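Chains as they are written, first to last, in my numbering: chain A, 1 to 160; chain B, 1 to 160; chain C, 1 to 160; chain D, 1 to 160; chain E, 1 to 160; chain F, 1 to 160.
Think of the hints as simulated: they come from the structure by calculation, not from any bench.
One or more of the hints may lead you astray.
Where chains are identical, the list cannot tell them apart; a pair therefore holds if satisfied intra-copy or between any two copies.
Below, computed lysine-lysine pairings styled on PhoX-like, alpha-carbon distance capped at 20 Å [stated by the list, open to error]:
hint : residue 1 : residue 2
1    : 133       : 107
2    : 155       : 56
3    : 42        : 80
4    : 56        : 4
5    : 23        : 107
6    : 23        : 4
7    : 133       : 42
8    : 123       : 157
9    : 155       : 133
10   : 152       : 23
11   : 76        : 155
12   : 80        : 4
13   : 107       : 123
14   : 80        : 23
15   : 76        : 133
16   : 152       : 133
17   : 42        : 107
18   : 42        : 4
19   : 56        : 107
20   : 107       : 80
21   : 76        : 107
In this text the structure is predicted, and so the values were computed from the model without any measurement.
This is what each chain is made of:
Number of protein chains: 6
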Amino acid sequence: MIRKAVYPGSFDPVTNGHLDIVKRAANIFDEVIIAVFFNPNKDPVFTMEERVEMLKVATESLENVYVDSFSGLTTKYVHKVGGGAIVRGLRAVSDFEGEFQMASMNKYLDSDIETVFFMTDTKYAFLSSSVIKEAAYFDGDINELVPDNVYKKLKEKVTP
Amino acid sequence: MIRKAVYPGSFDPVTNGHLDIVKRAANIFDEVIIAVFFNPNKDPVFTMEERVEMLKVATESLENVYVDSFSGLTTKYVHKVGGGAIVRGLRAVSDFEGEFQMASMNKYLDSDIETVFFMTDTKYAFLSSSVIKEAAYFDGDINELVPDNVYKKLKEKVTP
Amino acid sequence: MIRKAVYPGSFDPVTNGHLDIVKRAANIFDEVIIAVFFNPNKDPVFTMEERVEMLKVATESLENVYVDSFSGLTTKYVHKVGGGAIVRGLRAVSDFEGEFQMASMNKYLDSDIETVFFMTDTKYAFLSSSVIKEAAYFDGDINELVPDNVYKKLKEKVTP
Amino acid sequence: MIRKAVYPGSFDPVTNGHLDIVKRAANIFDEVIIAVFFNPNKDPVFTMEERVEMLKVATESLENVYVDSFSGLTTKYVHKVGGGAIVRGLRAVSDFEGEFQMASMNKYLDSDIETVFFMTDTKYAFLSSSVIKEAAYFDGDINELVPDNVYKKLKEKVTP
Amino acid sequence: MIRKAVYPGSFDPVTNGHLDIVKRAANIFDEVIIAVFFNPNKDPVFTMEERVEMLKVATESLENVYVDSFSGLTTKYVHKVGGGAIVRGLRAVSDFEGEFQMASMNKYLDSDIETVFFMTDTKYAFLSSSVIKEAAYFDGDINELVPDNVYKKLKEKVTP
Amino acid sequence: MIRKAVYPGSFDPVTNGHLDIVKRAANIFDEVIIAVFFNPNKDPVFTMEERVEMLKVATESLENVYVDSFSGLTTKYVHKVGGGAIVRGLRAVSDFEGEFQMASMNKYLDSDIETVFFMTDTKYAFLSSSVIKEAAYFDGDINELVPDNVYKKLKEKVTP
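Excised from the complex, chain A in its bound form (with noise of 0.2 Å):
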């Protein structure tokens, strides 16, 4: 019986469309470790240590969720802290092929390891780290769609 699942990602920053997801998962599995990947090739806005922070403020309510980082392959990582689940979240539009492509790949390197996937509120179809560092870049009206740590976080880190 799998209890323990990792919900692996950049996280550069968090949004409410990724809570969404986590408090999705944190009803089904005993506990869920939101894993913040370490990309040795990608240049991120936020440091590990702020992204690993803002997930931590945003979801200190939830009891069986813990935030942790880690680098290399993700079910390395999941099988070293004792998990069996992968979760991701589906959107309506655009992540299914490349979600697809990435539990194919997790199945075939260790097939104990299961993902399990979630469908985001479609209120949060359009969401990505990415859309919402641009319009805070550029100063869009962002608030509901971030926690408010980062919100404020955001604010400081992405200005013109």
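Given the structure of chain A, go ahead and fit chains B, C, D, E and F onto it with the hints provided.
Same frame as chain A, but now just chains B, C, D, E and F:
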């Protein structure tokens, strides 16, 4: 915490693709109810009794899996049996949009019930009950695509 | 300059998703004709008269919106009423390919007539007349998904 | 080396989009057999004899193209006539998923038979036999979308 | 009533596919402003001045079409110039999901502004500024895919 | 009659998915040239010489398959070597739209050259050169996804 899930469908008949999803769900939930939907507007090849029986035989080794039938709204049935989640499979091709539409409607009808998607193994990516029935009708070699008991039933029932 | 548009469809029955599109079109065109299509090969739940009447009630507050019915080619009807554009809604899921095929055929049949697409609000992304009828049939709570008059009609007409 | 291919379909009736694919395939294979499928569950507008005859007339200038009919599994028919490939057309819109499902099932049923896809010219991207029949029924101007002989037949057969 | 629309984009450079959309929009709206977006994070082949100039030459025969440039949020620019709609083109392939995401975000940022989609002619279904630049770079024959003035500019600018 | 085909790509590095397509094409055409594309704007992991060499080793048992490299337009290269067709693979996920766009552009640039699509085996549906490189970088077990010689090269080249 959601520990009981319902996997609704027509299962006319159950395929190895369906069973693949059942096994994945049974690793996540304490109890999975496969619920055969009675659709007043469709004319199935197998009767409700046959479909339920084929599923029972095909899943008898899975301890936390039960088979039932229902009519009416899926969300009401899930609520009635005390379930908290609807299980659905996604194939690499062709399922995503219809599944998303159904999951959104179900969320609208009962927001307490979560839809959880599992990805079918790529080797079953092309499999559907109707493709199976068509191949069986023309005497195609499908014995690795359905459980043994279904294979025999198909040979009896679906002949030109 | 194209100032009159036709929004063709079956409207069996009209949903709030359809009305969302009508309102958007009515902000762009001087006159929008909602044209209920008589399809000799389909068996609708509501009669042509009922569908037209439900639309008239639902759109009576929109001054530049009219309701009509037609049979035959959409392009010929649009030409006959002196329109220059066909209005269509696109939902986040499942519409794009069928709509594109229809619009291409219409452009082939009459290149003077433009098809203009509006995007349905994401909250109606899953909505269709058939999903509504199915939910109504099984007594699902759909009163926020259709206009009030349609809700009453559905309760009378579509019962198990 | 595969030198003989089968192009299966309903061809009810053949369109210029189908002929576009036939010509492409006839440049690759020594012999292309257009094989009209007899589907016991469908009610075509044209009889099998009419569909075969229309195809013969429309392809008479293509020396290495033959017309035949069959019932049963496509893979068995291809095997019987000594073919090694199934030819299919892909349109820019709407074909991909159904075609992929069918090709995968055919590969499962007979792994010796290859499915080869050609891309329809974009000017036929919206064309299908059903769209043609609908337009013909309502007297749309479709003479450039089907071969001449089909155009005449359609005018006789499909009238309101 | 919305009578002024903005068609935003990079136009690096404008193609005949873009012009096709401009002409369609100019038949619906009293005034269409083609607005070249200044993206601080991208490195275009043509300067802002060149892109604006190429657009002006290519659209000089269209009386109600104007060319401008902007930076920042599209919705703020549309609001500033007194426009009510954003015009976007949809190609048969590959555009739909990204366009839907952008339109949803824009609707979130300013719900008064409508996005209106036109369908590109199928003969331009494969056309994009980047495909044009790649073909031009390798001396492909693209003179029917871009306006004459752009063709000359491309020959000067994009050579190996 | 087209008897010689070109399979163009980056092959950085070749995967078993690519080889699957090569074998299919080699059953249809008398001669298949795998042509490694030199892209001046990309920074490959393997040099052109390494990519060609890995392909030669991986295909040495296929008598009618040759390996070459080229720069410039694919259609010009195909023409130069006397080929008549471009071979491309389609995976169940994510390829279709980009491939269709490229094939349309190639048809525009040289209408004598046909693009022929083969369907990748579903077991390689998730496979791509970049997914392989990422997994190799993090020491994932990928030896069944690439030819032996490529596996060794990857282990040397791609290490954290």
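Structure-based check of all given hints:
no., hint, in the structure
1, 133 with 107, "between (32 Å within a copy, 17 Å between copies)"
2, 155 with 56, "within (19 Å within a copy, 37 Å between copies)"
3, 42 with 80, "neither (24 Å within a copy, 36 Å between copies)"
4, 56 with 4, "within (18 Å within a copy, 29 Å between copies)"
5, 23 with 107, "between (24 Å within a copy, 15 Å between copies)"
6, 23 with 4, "both (14 Å within a copy, 17 Å between copies)"
7, 133 with 42, "both (15 Å within a copy, 15 Å between copies)"
8, 123 with 157, "neither (26 Å within a copy, 32 Å between copies)"
9, 155 with 133, "within (10 Å within a copy, 36 Å between copies)"
10, 152 with 23, "neither (22 Å within a copy, 36 Å between copies)"
11, 76 with 155, "between (36 Å within a copy, 18 Å between copies)"
12, 80 with 4, "within (12 Å within a copy, 28 Å between copies)"
13, 107 with 123, "between (30 Å within a copy, 12 Å between copies)"
14, 80 with 23, "neither (23 Å within a copy, 24 Å between copies)"
15, 76 with 133, "between (30 Å within a copy, 16 Å between copies)"
16, 152 with 133, "within (13 Å within a copy, 37 Å between copies)"
17, 42 with 107, "neither (24 Å within a copy, 30 Å between copies)"
18, 42 with 4, "neither (28 Å within a copy, 40 Å between copies)"
19, 56 with 107, "neither (29 Å within a copy, 28 Å between copies)"
20, 107 with 80, "within (16 Å within a copy, 35 Å between copies)"
21, 76 with 107, "within (12 Å within a copy, 34 Å between copies)"
This entry does not satisfy hints 3, 8, 10, 14, 17, 18, 19, going by the numbered hints stated previously.
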